[in-house]
Amino acid sequence: MSSPFVVVDSPRIVCVCEPGQAVTQVVVCGRWDGGLRQEVSRVLRACVAQAPRLLVVDLTRLQDPPGESVSTWLTMVRYAMQADQQVMVALGAAPPAVRRRLSTGDGDPAVIMADTVDAALALVPSLNFGIRQHHLALPGQPAASRLARAMVGDACLAFDVAHQVYPARLIVSELVTNAVRHTGTDLDVWVSVRGAALHLAVQDRSPDLPQLLDAGHRHPAELPESGMGLRMVTAAATRWGALPCRHGKVVWATLATRAGTAS
Amino acid sequence: MTSFSDDRARLHMAVHTDGDRTTLTLTGELDLFSGPPLTQLLDTAMDGSVKYLDVQMAQVGFVDVDGVRLLARAYHLGAGRGVKLTLHDPQPDIVWLLHITGTALLLGDSTAPADTATLYPVSPPPPVRAGEPAKSTPSVPRAGTISDRDRHADERDLRADQREARADDRDRLAQERDRLVDERQRRVSDHQRWEDIREDVADARERNLERRENER
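The listed protein sequences correspond, in order, to chains A and B.
Numbering-wise, the numbering used here puts 168 at position 168 of the first sequence, and it's gapless, one number per residue.
Converting from the second sequence to the numbering used here requires adding 1000 to each position, the first position being numbered 1.
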């Protein structure tokens, strides 16, 4: 069983996922307060669940002169390192007080800090080892789901996770069908192995979240017709969710790479 | 024997009628886009001239949620016209999908025991052994075995179906409740982990401050 991790952009937090690079960037804006702290915590947990290799937190527009947000960033770094799939976190352009308080050490895990967001993103090529990933670009047309299924089946065999062929094909097929039906835009499908997880991602060019994400929540009584897809993905995937990306959104799901283990 | 095919969608259909029973053999993959010709065919096949429509699924390698929806609609359409639609010999993954989507009644009473919920808990589909993506042995469609079944048996079937449908509904709602509870727990545990770390961080900071105070 899994729970969806859905992130919607808000005025104070903008999230940009790059599924092909396994990098997610989170921009935090405005004055630091209790409300922003809670919102940041929730979004960062959802971003870590998606299992990127690198999570860049852009603090260029954060207003926090006393550096009160420090404990949240420290918490985030530890949380990400202890996640099922370790996630590296980099803070970009943190306010001076935040940098000062973070650099005093205090026996905390090393926080990666970069002067600018670009410098933080430049870390990506050095992380590029050992990632096994298949990518398929598709037009938003009816045949897309069948092609995506074939690609996912091949990827599962190549990645030695043959026992997940069926759920992986089912999930990707469902996500692609939904994208074709609701957006009709071009699509990208990624299948990768990230630690102990088989990672599936479908990106389309529309920022609207799929209905799939809402149906089961709003009308649990109106089954069987509505929410069937949601129920299936929820039952089949270890975790799943949706994140905004530069052009559109990505809907992702993970499956355990080893038989009989639920990560 | 009439054959239909749609190569683009890779679903092949073959129809065979014998007395009050029609057998429809499907081969390939059933999804949103290969489904429409099947919907049409099912509608035509259930014109009231037969009582049973057996859909032979052994050669179907993939069914998506839209395919299940299509079959479920056909089942109810058939029930309204006095035709009983039953899926035969679907692969284990597809059986799993039928249970997870609350449509196990399509399997009929032969393959769906009453306590389906315990037999097929909400868990990932059964594992497939490597190098065995699809079954290759076609099974013989059952035909004519129950052709002499009398009206009373039909009525009994109908009542059993209704009971099963109600049980299915209950299962579905129970599963939905379980899902929501699990979802909440998962969220709570993620949140708890975050809060624990936050406390540790705060403690460490306090200890450091104290240490510095003492050093001064």
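Read the hints as simulated data drawn from the structure, not as lab findings.
Among the clues, some could well be false.
[Claimed, not checked] Estimated spans, in silico, between C-beta atoms of each pair:
| # | chain 1 | residue 1 | chain 2 | residue 2 | range |
| --- | --- | --- | --- | --- | --- |
| 1 | B | ARG1212 | A | CYS29 | 31 to 41 Å |
| 2 | B | ASP1200 | A | ILE131 | 30 to 40 Å |
| 3 | B | THR1044 | A | PRO11 | 49 to 59 Å |
| 4 | A | HIS182 | B | PRO1036 | 12 to 22 Å |
| 5 | A | HIS247 | B | THR1039 | 52 to 62 Å |
| 6 | B | THR1039 | A | GLN141 | 45 to 55 Å |
| 7 | B | PRO1036 | A | CYS29 | 40 to 50 Å |
| 8 | A | THR185 | B | ALA1160 | 26 to 36 Å |
| 9 | A | ARG31 | B | ARG1211 | 26 to 36 Å |
| 10 | B | PRO1092 | A | GLN63 | 54 to 64 Å |
| 11 | A | ASP9 | B | ASP1047 | 51 to 61 Å |
[To be verified] Covered by chain B, according to a simulated footprint, are these stretches of chain A (three or more residues, beta-carbon under 8 Å):
| # | segment |
| --- | --- |
| 12 | 15–28 |
| 13 | 228–240 |
[Said to hold, decoys possible] Short, incomplete list of chain B residues facing chain A, as computed with Cβ under 7 Å:
| # | residue |
| --- | --- |
| 14 | THR1027 |
| 15 | LEU1032 |
| 16 | PHE1033 |
| 17 | VAL1065 |
| 18 | LYS1084 |
| 19 | VAL1181 |
| 20 | ASP1196 |
| 21 | ILE1197 |
| 22 | VAL1201 |
| 23 | ASP1203 |
Here the structure is a predicted model, which is why all the values come from computation and not from measurement.
Beta carbons: idealized from backbone N, C-alpha and C, even for Gly.
Checked hints:
1. B:ARG1212 to A:CYS29: 31 to 41 Å: holds, 33 Å
2. B:ASP1200 to A:ILE131: 30 to 40 Å: holds, 31 Å
3. B:THR1044 to A:PRO11: 49 to 59 Å: Given about 55 Å between the Cβ atoms, the range holds.
4. A:HIS182 to B:PRO1036: 12 to 22 Å: holds, 18 Å
5. A:HIS247 to B:THR1039: 52 to 62 Å: violated, 35 Å
6. B:THR1039 to A:GLN141: 45 to 55 Å: violated, 20 Å
7. B:PRO1036 to A:CYS29: 40 to 50 Å: Because 48 Å falls inside the window, the suggested range holds.
8. A:THR185 to B:ALA1160: 26 to 36 Å: violated, 47 Å
9. A:ARG31 to B:ARG1211: 26 to 36 Å: Distance hint for A:ARG31, B:ARG1211 holds at roughly 31 Å.
10. B:PRO1092 to A:GLN63: 54 to 64 Å: Given a distance of about 57 Å, which is inside 54 to 64 Å, the answer is holds.
11. A:ASP9 to B:ASP1047: 51 to 61 Å: holds, 52 Å
12. 15–28: violated (count 0)
13. 228–240: holds (count 7)
14. THR1027: violated, 15 Å
15. LEU1032: holds, 5 Å
16. PHE1033: holds, 4 Å
17. VAL1065: At 5 Å from the nearest chain A Cβ, B:VAL1065 passes the 7 Å test, so the hint holds.
18. LYS1084: violated, 19 Å
19. VAL1181: Check failed: Cβ of B:VAL1181 comes no nearer than 9 Å to chain A, outside 7 Å.
20. ASP1196: violated, 9 Å
21. ILE1197: holds, 5 Å
22. VAL1201: holds, 5 Å
23. ASP1203: For B:ASP1203, the interface hint is violated, since the closest Cβ of chain A sits about 11 Å away, which is over 7 Å.
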